[in-house]
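Quick one: dock chain against chain with the hints and give me the complex.
These protein sequence lines are chains D and C, in that order.
For the first sequence, position 206 matches number 206 in my numbering, and the numbering has no gaps at all.
For the second sequence, position 26 matches number 26 in my numbering, and the numbering has no gaps at all.
Some clues are possibly wrong.
[Stated by the list, open to error] Some but not every residue of chain C turned toward chain D, in silico, with C-beta under 8 Å:
id	residue
1	R31
2	N167
3	P173
[Claimed, not checked] Derived pair list, reagent style BS3-like, types lysine-lysine, alpha-carbon separation capped at 30 Å:
id	chain 1	residue 1	chain 2	residue 2
4	C	K215	D	K268
5	C	K174	C	K145
6	C	K215	C	K174
7	D	K268	C	K174
8	C	K215	D	K271
9	D	K265	C	K215
10	C	K174	C	K82
[Claimed, not checked] Chain C residues, not near chain D, derived (Cβ > 10 Å throughout):
id	residue
11	P39
12	A54
13	L63
14	L117
15	K145
None of these hints come from the bench; they were simulated from the model.
By construction, the Cβ of each residue, glycine as well, lies at the ideal position given by its N, Cα and C atoms.
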Amino acid sequence: MLLFLGTCGLLLVLTMIGEGLRARYAPGGDNPEIETYMTRVHSWWAMVLLVSLALLTGKVGVLVLFGFASLAALREFLTLTYKRQADHTTLALAFYVVLPLQYVFVGLGWQGLYTVFIPVYAFLLLPVFTALRGDADRFLARVAETQWGLMIAVYCASHVPALLKLQFDGVAMDRGVLLIAFLVMVVQFGDLLDFFFGRRIGRTRIVPDLSPRTWEGLVCGTASAMLIGAALAWLTPFGVPGAMLMAGAASLSGHFGALVFAAIKRDKGVKDWSHLIPGQGGVLNQLDSVLFAAPVFYHLTHLVWAV
Amino acid sequence: MTGQLRPLRRLAANITGHGIALLARLITAVRAEWRGADPVPRQRVYYANHVSNADMPMIWAVLPPNLRRHVRPVAAADYWLKTPLRAFVGPEVFNCVLVDRRPDRDGSTGDPLDNILAALNDGASLILFPEGNRNMTEDPLLPFKAGLYNIARACPQVDLVPTWVANLTEVMPKGEVIPLPLMTTVIFGEPVHLQEGEDKDAFLERAARALVQLKPEDHAP
Numbered sequence: 001m002l003l004f005l006g007t008c009g010l011l012l013v014l015t016m017i018g019e020g021l022r023a024r025y026a027p028g029g030d031n032p033e034i035e036t037y038m039t040r041v042h043s044w045w046a047m048v049l050l051v052s053l054a055l056l057t058g059k060v061g062v063l064v065l066f067g068f069a070s071l072a073a074l075r076e077f078l079t080l081t082y083k084r085q086a087d088h089t090t091l092a093l094a095f096y097v098v099l100p101l102q103y104v105f106v107g108l109g110w111q112g113l114y115t116v117f118i119p120v121y122a123f124l125l126l127p128v129f130t131a132l133r134g135d136a137d138r139f140l141a142r143v144a145e146t147q148w149g150l151m152i153a154v155y156c157a158s159h160v161p162a163l164l165k166l167q168f169d170g171v172a173m174d175r176g177v178l179l180i181a182f183l184v185m186v187v188q189f190g191d192l193l194d195f196f197f198g199r200r201i202g203r204t205r206i207v208p209d210l211s212p213r214t215w216e217g218l219v220c221g222t223a224s225a226m227l228i229g230a231a232l233a234w235l236t237p238f239g240v241p242g243a244m245l246m247a248g249a250a251s252l253s254g255h256f257g258a259l260v261f262a263a264i265k266r267d268k269g270v271k272d273w274s275h276l277i278p279g280q281g282g283v284l285n286q287l288d289s290v291l292f293a294a295p296v297f298y299h300l301t302h303l304v305w306a307v
Numbered sequence: 001m002t003g004q005l006r007p008l009r010r011l012a013a014n015i016t017g018h019g020i021a022l023l024a025r026l027i028t029a030v031r032a033e034w035r036g037a038d039p040v041p042r043q044r045v046y047y048a049n050h051v052s053n054a055d056m057p058m059i060w061a062v063l064p065p066n067l068r069r070h071v072r073p074v075a076a077a078d079y080w081l082k083t084p085l086r087a088f089v090g091p092e093v094f095n096c097v098l099v100d101r102r103p104d105r106d107g108s109t110g111d112p113l114d115n116i117l118a119a120l121n122d123g124a125s126l127i128l129f130p131e132g133n134r135n136m137t138e139d140p141l142l143p144f145k146a147g148l149y150n151i152a153r154a155c156p157q158v159d160l161v162p163t164w165v166a167n168l169t170e171v172m173p174k175g176e177v178i179p180l181p182l183m184t185t186v187i188f189g190e191p192v193h194l195q196e197g198e199d200k201d202a203f204l205e206r207a208a209r210a211l212v213q214l215k216p217e218d219h220a221p
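This is chain C alone, in the form it adopts within the complex (with noise of 0.2 Å):
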């Protein structure tokens, strides 16, 4: 990439990401429900349930673009370095931090760990699936993974908001190719922090808690 294009790709990344933002609004009415955090420019890390690929896209468009900017959500770099599109949409759009799921294959970019911790001392905020991998089945969520915790313990000062984004598997389940039009609600609730003389385990659980009592009720018949 030579010098003269970078302020064009800078542009066309801004323009698709108000247009992946408009997008999500005009299909699903994406809305934002701030129950437990208000939507001010604090570090935090926004950890949601994760159903499908439009999870992050869907917390990333209701946040107000004041907030928007300093905020990265953390993603797969098997995924987002795949295609050359993605390429541009993952790092550039979104600004990923780029994690490495399998750390212990060749051409590793090391512990998982230290881009998020580095990302957040120079002040952004996440976006993290603490799940790790898209959750398939009936539970509400699949056990965390440790990462929430590590940064619980290496950041006590950073916000960890629970954030559940309502009704994306209905809009588009894993496997399938058309979006469905339904309406989408993203709830977010009461930071938590890892208290004194907490064990992972005991974290990891309440922290679950925290985000599964923000699931709206099911609407069965």
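Bound conformation, chain D alone (with noise of 0.2 Å):
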């Protein structure tokens, strides 16, 4: 509660930010960073109060919630990929069986069974049935990218769930769903930093021909996740020092998921995954940082304090 409350009132300053530099430099709303930038608080107000309503229902709710999330970024992802008759089975496997049941071995907290169904029973079995369909045409190309929508859209978006499902010593049980708020608010709010610092100070472009982010917006989107993160260690039981190293590792994952993610845009020749949010793209624009940082902190924390 008081997390949502704190949340609410970071979001009302971002909001309060955003209007005030609207007002002062682009009353007409014609400054791109600042709508730019506006949209995307906005679309945090939106995640917020999903997130919230899925955690006040409990469990069930926040697995319900990211089911769906990774139905709607696989179909984004899927569409774009390559395609033949012959994968159709595969294709309804992937969506109709593996995906369900991911998220019901998480939600049994099967631990042994939800950290390798998809990279290994998934991996071997699809490509089984793309074979016996009999179309040899760019099958290693079509296999893979099955592989990879699978991996990014529902072995990584089922790792925020899973925190649900880590013990820890002596600490009571409704932790998992604190560690979600502090993972994706460490990402998320490093991933907006990422942007502000690197349109005010950026001058060197990580990778100039595939995305405007500079080395200066990374550094100082993770220095301030690990502040963010520092701030929020009571949420979580690593520590001070912990809760920043595991906020800096969560967020600087987060940063090169979003560059891989620009590389795939560019290879597909889109700019956005689909329309599914108006005026921001689709689901998988909103998540990319989040999808690649999620396992990362499951494994981090599950390595070092988890019992």
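Dropping the structure here:
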């Protein structure tokens, strides 16, 4: 509750900064930097409300929310891949069997299964179904793209609700919910501040051909994420130094994840993944950094702190 | 069918229609792109590529309700009258103009063009698949049948709007049972009309070119 109020307060401050900038520099709303910043802040309002609603309805709510986010993300990803009729069974299995099963395994807390189900079993079985249909045209590219989509949109996404299943020494059970809030906030605010600092003081582009992101934005974004992490350390079992390191690791993998997604979008010749969220592209546009950060965050937490 | 049942049937058809449109949106997030024509209530023939049975419901679903009310898909009588369920969905939910693809057989309803022209004279807009059959080849379009040319000649005032349904081959290829939840787009292009002195082949080729131009690029590796 405290966290929810705090987040709303923070968003209120960010909204006011944006409105202030807009009023001062571009009252007509014609400064593209400020407008992009504002759309992002607005999307965080929507996301915070949705996540809060899910957290209020408990663990099932979180699972259902991320299950549908996975479905929307996988749909956006697989819409842009190369497909032939021989892939139909495989794709139907990916959507209707692999995706729900992964979330059922997470819900049941079968850690031995949900951490290997997609990288091992789906990885081995799905190409078999494709091969059985007997069409070898660009076979490797087809099965590889499907597997990549499942890994990123289902496996990685499901590691966010999987945080609910970690247990810590002498800590109450609902720690997982707070960990999710910690992860999403440090990555998303890191991303937002990367964008902000990149526009203000950014000079050196990381990959000039691919993305407007800069080293200055990356360093400032990650540093800010670490500070936010330290401020939110009370949510976690990590302690203040641990929380800073975890926030830094999650934010850094998020930044580079966004770069990988920029490369995929460039390869597929699209600017946005879809038009699902008006004016802001698709679900993957919103989630790209969280998807990359989630498994890293999960495994580090599991290795170092969980019992 | 008795007199009291008719309003109920119409209500059921209405609900089914909204249900189908909602389902299309939920599964494929189908979206209209009005590239060369605006969604205004003009009398039009939306002529589209045909790869699956879901083409027509997709176009139907993205049309705004005020346009949808006046649009009648042209469909094959032998398919839509086969079972009572199809006879309900085709003629009553979609308000199809049924045409006989094999007019030489017994029980023929006459020249297929007659029904189409009668619907146009009533002021209806149409959804038409000028290829006549579902396209199973790797080519983007099959050669058009003469129907589109005959309509253009008989009703020169009607806009012929090329309508490309993108990505549906992947959602549900011919012969598959389970539709995949992939995203689809329906792209409306600039209307074509029969030009003075243009013969049948030249017109059909120009109309086909206008349609293929709307096709988005492949994402092949």
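Which earlier hints can't be squared with this structure?
-> none
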